[in-house]
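Using the sequences provided together with the hints, build the complete structure.
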Amino acid sequence: MLALRTSTRQSLAGLLLSLPSGALLVSLYVAPMLCLLLLAFTNYEMGNVDIEWIGFSNFSRVLNDVVFKRSLWNTLLYVLIVVPLSVGGGMFIALLIHARRRTRSFYEVVYFLPVTSTLIAMATVWQFLLHPKLGPINSMLSWVGMSSQNFLGDPTLMIATLAGIGVWQLIGFNMILFLTGLSNIPKELYEAAAIDGVNHPVDRFFSVTLPMLGPTTLFVLVTSTITGFKVFDTVAVLTQGRNQSEVLLYDIYLEGFTYSNMGYASVLTLIFLLIIVGLSAWQSMHMDKKVHYG
Amino acid sequence: MKRRPHDVLPSVAAHSVLLLGALVMLLPFVWMLVTSIRPPHEIFEGSLLPWPQEFYGWGHYEAALLNVPLIRFMVNGVLICSGILIVQILVAVPAAYALAKLHFFGKDALWIGTLAALSVPIQVTALPIYIALATAGWLNTYFAIMLPFFLSVFAIFLLRQAFKTFPDEIIHAARLDGMGEFEIIWRIVLPSYQSTLTAFCIFSVVAHWNDLYWPMIVISETKLAPPPLGMMFFANAESGSDYGALMAGATLLTMPLVLIFLVTRKHFIEGLTMSGK
Chain D
12 MLALRTSTRQ
22 SLAGLLLSLP
32 SGALLVSLYV
42 APMLCLLLLA
52 FTNYEMGNVD
62 IEWIGFSNFS
72 RVLNDVVFKR
82 SLWNTLLYVL
92 IVVPLSVGGG
102 MFIALLIHAR
112 RRTRSFYEVV
122 YFLPVTSTLI
132 AMATVWQFLL
142 HPKLGPINSM
152 LSWVGMSSQN
162 FLGDPTLMIA
172 TLAGIGVWQL
182 IGFNMILFLT
192 GLSNIPKELY
202 EAAAIDGVNH
212 PVDRFFSVTL
222 PMLGPTTLFV
232 LVTSTITGFK
242 VFDTVAVLTQ
252 GRNQSEVLLY
262 DIYLEGFTYS
272 NMGYASVLTL
282 IFLLIIVGLS
292 AWQSMHMDKK
302 VHYG
Chain V
241 MKRRPHDVLP
251 SVAAHSVLLL
261 GALVMLLPFV
271 WMLVTSIRPP
281 HEIFEGSLLP
291 WPQEFYGWGH
301 YEAALLNVPL
311 IRFMVNGVLI
321 CSGILIVQIL
331 VAVPAAYALA
341 KLHFFGKDAL
351 WIGTLAALSV
361 PIQVTALPIY
371 IALATAGWLN
381 TYFAIMLPFF
391 LSVFAIFLLR
401 QAFKTFPDEI
411 IHAARLDGMG
421 EFEIIWRIVL
431 PSYQSTLTAF
441 CIFSVVAHWN
451 DLYWPMIVIS
461 ETKLAPPPLG
471 MMFFANAESG
481 SDYGALMAGA
491 TLLTMPLVLI
501 FLVTRKHFIE
511 GLTMSGK
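These protein sequences, in sequence, are chains D and V. Those letters in the first sequence? Residues 12 to 305, per this note's numbering, in order. Those letters in the second sequence? Residues 241 to 517, per this note's numbering, in order.
Rather than coming from a laboratory, the hints here were simulated on the basis of the structure. Beta carbons are placed, not taken as given, at the ideal position from N, Cα and C, and that holds for glycine. Please note that the accuracy of each hint is not assured.
[As the list claims (entries may be wrong)] Straight-line distance between alpha carbons at most 35 Å, and here's what the computed DSBU-like set of lysine-lysine pairs gives:
#1 D:Lys80 x D:Lys241
#2 D:Lys241 x V:Lys404
#3 D:Lys241 x V:Lys347
#4 V:Lys463 x D:Lys241
#5 D:Lys144 x V:Lys463
#6 V:Lys404 x D:Lys198
#7 V:Lys506 x D:Lys241
#8 D:Lys144 x D:Lys241
#9 V:Lys347 x V:Lys404
#10 D:Lys80 x D:Lys144
#11 V:Lys506 x V:Lys404
#12 V:Lys506 x D:Lys198
[To be verified] Label-pair distances were calculated between CB atoms; the ranges are:
#13 V:Val257 x D:Leu30: 48 to 56 Å
#14 V:Lys463 x D:Ser38: 25 to 33 Å
#15 V:Asp408 x D:Ser295: 22 to 30 Å
#16 D:Thr167 x V:Ala356: 34 to 42 Å
#17 D:Ser295 x V:Ala477: 42 to 50 Å
#18 D:Leu229 x V:Phe284: 44 to 52 Å
What follows is the structure, given as structure tokens:
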């Protein structure tokens with residue numbers, strides 16, 4: 012009898028305590044996602060009273076949308092530059108820093124600094140650094156006898172330049188994750204490897220460190236890819252998508268909020284969601300999450 | 241650890257690489273600071289010297305503060321971040337406790353919903369939430385900036401995992417002493433997880449201090465802009481003509497988080513990296 016009363020009391024308390032979260036989960040996630048799905052089949056425009064059900068028209072429009080295809084390609088290119096450099100670079104820096112004793116925290120702070128700083132403010136600094144006439148980077152290029160480049164105006168350089176800034180911002184973040192991974196490798200493994208005759212640092216890296224960093228590497232790869240697909244801030248400040256430098260989120264932003272094509276923007280958003288959720292799902296299938304919350 | 245002679249060379253090589261990398265990482269910060277105290281004619285000559293030939297004083301800072309409501313942007317940032325954080329904690333902590341320690345109807349649904357929502361970024365839900373806010377006439381309000389973030393599924397996830405480890409005996413004892421669940425949460429359970437909570441606070445504040453996407457959608461009035469949006473208005477208005485003032489503004493808007501980072505280094509790094517963004 013007492014047990015029953017306790018369980019009823021618990022059940023009631025649980026409901027009450029999770030009510031605000033549940034209500035917000037429904038109104039901020041479930042309902043918006045359902046709306047998005049419905050909007051994708053309509054021609055809804057902001058401020059327009061008529062909504063028509065237009066079936067799959069928005070979806071077939073995607074196939075002929077040159078701007079969207081370009082933004083998808085640009086985003087892929089951005090990801091293909093940012094991910095290897097920020098993951099490989101982050102691992103490399105972490106390996107170097109991990110062996111330091113007295114200077115370790117100095118390097119940690121320096122490499123992590125870009126992660127903490129407001130990207131929009133730093134983007135304007137990069138704009139100045141890369142300025143065709145006033146910027147020190149071009150001054151240095153002409154000093155060593157190379158011609159100056161319009162990094163943020165030349166269509167062949169824009170995405171690579173944005174990706175460079177992306178690497179600068181992300182590398183310190185990945186470095187910290189790798190440092191955590193490195194300090195979780197048991198010392199005994201290195202001793203055991205030494206007994207087996209693995210003495211050269213390069214052999215040690217490939218036979219112990221790299222395999223033991225496997226889960227960390229997978230995690231860092233996936234989160235970096237997701238971060239890459241979400242590139243928006245630097246584009247919004249530095250190129251505004253001009254000279255064909257649109258990226259996925261910037262295109263969605265333009266369609267949805269500047270041109271008010273809500274229905275069409277919903278389809279583009281669904282494609283974006285598919286990419287992000289696909290990556291997250293792939294990650295959770297391949298790894299045990301708790302490794303990274305230690 | 242004894243330093244053997246053949247260890248010295250790799251160590252020198254490692255330091256060289258690290259220092260070179262550090263230089264690249266720091267270049268934007270150094271250039272921002274130097275330009276903010278450099279006289280305009282030096283800026284326009286494209287000086288390569290990493291220090292000003294003559295000190296310009298605080299002129300660019302005065303210009304930045306006079307032309308743009310930078311202080312207002314920062315006050316907005318503080319109000320928005322604290323508003324979001326307070327609601328996030330008030331909402332997430334009880335739910336996390338209920339999920340960790342109680343049995344109730346709908347528990348599984350809430351947990352599955354939380355896990356699913358973890359991978360849904362704001363850019364996905366932005367469109368419908370924007371339509372709702374616009375229909376209600378609530379655009380250009382602090383409430384509009386904060387609303388989508390009142391629920392932090394990440395906070396629920398993180399705290400639920402933490403609370404799982406709290407000993408049940410203590411909770412039973414507290415109940416026998418006549419404490420209600422609400423009191424147990426705030427006075428007994430939560431105080432044991434201060435470092436988790438601190439890490440989350442830092443994560444939340446940094447994320448929302450730096451967020452551009454959502455404020456850009458719901459805010460068009462300069463006076464309501466948080467720092468990143470304010471910086472963007474500033475950069476667009478200057479259109480690249482007055483880099484001295486722009487760099488002074490960037491310095492002022494970047495300063496708060498960088499200072500907090502330098503002071504609370506360990507917590508800060510923990511707060512940002514536990515998420516994987």
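Results of checking the hints against the structure:
A hinted pair counts as satisfied when its Cα atoms are at most 35 Å apart, and lysine 80 of chain D with lysine 241 of chain D qualifies at roughly 16 Å. Taken as a hint, the lysine 241 of chain D and lysine 404 of chain V pair is honoured in the structure, with Cα atoms around 33 Å apart against an allowance of 35 Å. Proximity of lysine 241 of chain D to lysine 347 of chain V is assessed by CA-CA distance (about 32 Å); at most 35 Å being required, the pair is judged to hold. With a C-alpha separation of about 27 Å, the suggested pairing of lysine 463 of chain V with lysine 241 of chain D holds against the 35 Å cut-off.
This hinted pair checks out: lysine 144 of chain D and lysine 463 of chain V have alpha carbons roughly 33 Å apart, not beyond 35 Å. A threshold of 35 Å between alpha carbons decides the hint, and for lysine 404 of chain V with lysine 198 of chain D the separation of about 30 Å falls inside it, so the pair holds. Only pairs whose Cα atoms come within 35 Å are accepted, and lysine 506 of chain V paired with lysine 241 of chain D is accepted, the gap being roughly 27 Å. Taking the CA atoms of lysine 144 of chain D and lysine 241 of chain D, the gap is about 31 Å. The hint holds against a cut of 35 Å.
Only pairs whose Cα atoms come within 35 Å are accepted, and lysine 347 of chain V paired with lysine 404 of chain V is accepted, the gap being roughly 14 Å. With a C-alpha separation of about 33 Å, the suggested pairing of lysine 80 of chain D with lysine 144 of chain D holds against the 35 Å cut-off. For the suggested pair lysine 506 of chain V and lysine 404 of chain V, the alpha carbons sit about 24 Å apart, so the restraint of at most 35 Å is met. Distance hint between lysine 506 of chain V and lysine 198 of chain D is fulfilled; the C-alpha atoms sit about 24 Å from each other, no more than 35 Å.
Taking 48 to 56 Å as the suggested C-beta distance range, the pair valine 257 of chain V and leucine 30 of chain D conforms, at roughly 55 Å. With their beta carbons about 28 Å apart, lysine 463 of chain V and serine 38 of chain D fall inside the hinted range of 25 to 33 Å. A C-beta distance of roughly 28 Å is found between aspartate 408 of chain V and serine 295 of chain D, which places it inside the suggested range of 22 to 30 Å. The hinted range of 34 to 42 Å is satisfied by threonine 167 of chain D and alanine 356 of chain V, whose Cβ atoms lie roughly 40 Å apart.
Judged by the Cβ atoms, the range 42 to 50 Å given for serine 295 of chain D and alanine 477 of chain V holds: they are separated by roughly 45 Å. In this structure the hint that leucine 229 of chain D and phenylalanine 284 of chain V lie 44 to 52 Å apart at CB holds, the actual value being about 49 Å.
Checked against the numbered hints given earlier, the structure satisfies every one of them.
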